[in-house]
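S.K.: Residue numbers (our numbering): 9 to 130.
Treat the hints with care, since some could be wrong.
Simulated DEER-style distance windows between Cβ atoms [as the list claims (entries may be wrong)]:
{"#": "1", "residue 1": "110", "residue 2": "84", "range": "16 to 24 Å"}
{"#": "2", "residue 1": "49", "residue 2": "94", "range": "29 to 37 Å"}
{"#": "3", "residue 1": "56", "residue 2": "99", "range": "15 to 23 Å"}
{"#": "4", "residue 1": "52", "residue 2": "97", "range": "41 to 49 Å"}
{"#": "5", "residue 1": "74", "residue 2": "96", "range": "18 to 26 Å"}
{"#": "6", "residue 1": "54", "residue 2": "101", "range": "38 to 46 Å"}
{"#": "7", "residue 1": "52", "residue 2": "102", "range": "32 to 40 Å"}
Hints listed in this document are in silico derivations from the structure and should not be mistaken for laboratory results.
All values derive from a computational prediction rather than experimental measurement.
Glycine included, C-beta positions come from ideal geometry on N, C-alpha and C.
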Amino acid sequence: MNRIATLASQVVSNSPSHSSAASQSAVKDRSDLPHALVGPLHYEKNYAYPLVIWLHGPNGDEGEIRHVIPHISLRNYVSIAPRGTCRMRDGSLGFRWDQSDSSITRAEENVMQCIEQARLSY
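Whenever a hint applies, use it, and build me the whole structure from the sequences.
M.R.: Structure below.
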């Protein structure tokens with residue numbers, strides 16, 4: 009059993025604002041969702057890899073995961089990082105996670121879509 013599939017189904021089924029079918033179709037329809045996905049070296053199809061979800065800090069982006077994962081492990085994890093919900097207010101190139109209700113909801117949806125994308129990819 010793949011841990012990513014188990015986690016995605018548990019979180020989606022426990023969330024009142026999401027249905028499994030809606031989450032799956034949202035991933036298929038949201039190929040534009042900015043994220044970075046890093047697979048393990050020497051990937052083995054039937055191995056249950058843990059999932060690392062990286063949420064960057066202010067003025068960062070999803071590409072940070074490519075610098076972080078080598079310090080954790082290149083072989084033992086599937087890793088995914090969504091982009092923050094808003095651009096920085098000062099006009100810099102990075103992103104941030106706004107704390108408004110709508111941005112928190114959007115961040116939750118983006119993380120769920122990233123989990124589903126990782127499940128579909130690995």
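S.K.: The structure should be examined with respect to each hint, and the outcome stated for every one.
M.R.: Okay, the hints, checked on the actual structure:
At roughly 36 Å, the beta carbons of residue 110 and residue 84 sit outside the given window of 16 to 24 Å. Judged by the Cβ atoms, the range 29 to 37 Å given for residue 49 and residue 94 holds: they are separated by roughly 34 Å. Taking the beta carbon of each, residue 56 and residue 99 are about 43 Å apart, not inside 15 to 23 Å as hinted. The given range of 41 to 49 Å is respected by residue 52 and residue 97, whose C-beta atoms sit roughly 44 Å from each other.
Between residue 74 and residue 96 the beta carbon distance is about 20 Å. The supplied range of 18 to 26 Å therefore holds. As the Cβ distance of residue 54 to residue 101 is approximately 40 Å, the hint placing it in 38 to 46 Å holds. Restraint check, residue 52 to residue 102: a C-beta distance of roughly 35 Å satisfies the suggested window 32 to 40 Å.
Violation of the numbered hints given earlier is confined to hints 1 and 3; the remaining hints are satisfied by the structure.
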